[in-house]
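Visitor: As a plain string of letters, each chain reads:
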Amino acid sequence: MDFRSSEVVGPQGADLLPASATMAVKVVIVGGFGVGKTTLVGSVSEIRPLTTEETMTQAGASVDDTAGVERKTSTTVAMDFGRISISDELVLYVFGTPGQERFWFLWNGLFEGALGAVVLVDTRRLEVSFDVIGRLEDRGVPFVVAANTFPESPTHPTEELRAALDLPPEVPIVACDARSRESGRDVLMALMRYLYDLSAPPPPTTMPASR
Amino acid sequence: MSAADQGWGADNPERLYVITRGRSGLTEQTTFDLVTLVVSRSEPTPTMQPEHAAILRICGSPLSVAEVSAYLRLPVSAVTVLLADLLTEERIEARACVPRAVLPDIALLEAVMHGLQKL
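Chains as they are written, first to last, in my numbering: chain A, 2 to 212; chain B, 5 to 123.
Hints in this document: simulated from the structure, not taken from any laboratory. In this text the structure is predicted, and so the values were computed from the model without any measurement. We put the beta carbon where it would ideally sit given N, CA and C, even for glycine. Any given hint might turn out to be false.
[Said to hold, decoys possible] Computed, partial: chain A to chain B, Cβ under 7 Å:
no. : residue
1   : V9
2   : L18
3   : L51
4   : T52
5   : E54
6   : I87
7   : L91
8   : Y94
9   : G114
10  : S184
11  : R186
12  : L189
13  : M193
14  : L196
15  : S200
[As the list claims (entries may be wrong)] Here are a few chain B residues that sit away from chain A, every Cβ distance over 10 Å (derived from the structure):
no. : residue
16  : R25
17  : D89
18  : T92
For reference, chain B alone in the conformation it holds in the complex:
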């Protein structure tokens, strides 16, 4: 918990700029969907950026990008930048969502309907 962490409002654009080192997340959109499941593959290290460390800690079990965003209280666009860093360093695994298609796969829909019936 360093002094550098202090004084940045959660909705402060400058804070987001610093966290992402000025990257917008636009180039990472193809890798991460809101429901891409993220799983940690390594432990946080003391020298790591606190946001990276937080992601590794909470993703011990699979978590969607949307959930990571919610727990970190950071916009999805900032989170995808951070996740791309961790993916490049092979510190996380990204379980991609279903490939995009015009219409969903029949077997997938059957599985969802079966699951909903138990709800």
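So that you can see chain A by itself, here it is in the shape it has in the complex:
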């Protein structure tokens, strides 16, 4: 495709952020193929989800454990993301990223500065989540686990899921329907509450002041 500056169409109408938007934060939804990341991003986003790409060639060079190894492959990986206006000043971006090990090169820029992550799991294929969870723990990224409920999914009691994923007791596990805006919102809310608990001083005897 040729590049035509005049043909690049930016956001229109309701998709425009107000000029007062001064700060943006991000959360990352990570999971295997077909688990519903894109669906979840689309459910909570106020804009039609957008796609950004990154190439292996560039990012491969910045990965620590391949120092000195210049990767010359130019695999392109797409990442879907959506946006939620929190207030006139604050914007939340939600990125969906593939969990497979070969895509971890994407993670450097993605998790830097991220509030936290949602590991979206399909209870029929839990094994694809093991590596992702280990990787997040290694990087010190706080996360919650959301089990996307597909019609034919077996329903696991939370503690069974926790044992199967070898998760520490404090990591929240929530069930969700990635197609539902309310359900998606609740997943993000669960992550924020978890982050809040991690950040708050231990004896919270009063409720946080609402704004």
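With chain A fixed as given, assemble chain B onto it according to the hints.
Guide: Structure of chain B alone, referenced to chain A:
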């Protein structure tokens, strides 16, 4: 729309090399996060590289680096190079994302939770 614009595939590494004049974007990573908000501070000029002009046109309202990448259909690494050019020339304003910390600020989390409740 010059003849020079033609024949470069969007996923063609050589095209990216030309657009960024061979720069990888690695040195710019510290300035631009995926969610750094970019706002134009000047109008595009006719002599400008088309990609620079496109960024100035679409960033009349704040847009994240990720959105600029999506609308231009260019990888983030190439976009950060272009944005660094524009920032150096003071043609854009970059509204930095929240400073990196081990854990996010309580007030920030409260604001996000409050916003999500309205969703």
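Visitor: Hint by hint, say whether it matches the structure.
Guide: Do the hints match the structure? See the list:
no.	hint	in the structure
1	V9	holds (4 Å)
2	L18	holds (5 Å)
3	L51	holds (4 Å)
4	T52	holds (6 Å)
5	E54	holds (5 Å)
6	I87	holds (3 Å)
7	L91	holds (6 Å)
8	Y94	holds (5 Å)
9	G114	holds (5 Å)
10	S184	violated (11 Å)
11	R186	holds (5 Å)
12	L189	holds (6 Å)
13	M193	holds (5 Å)
14	L196	holds (6 Å)
15	S200	holds (5 Å)
16	R25	holds (15 Å)
17	D89	holds (15 Å)
18	T92	holds (20 Å)
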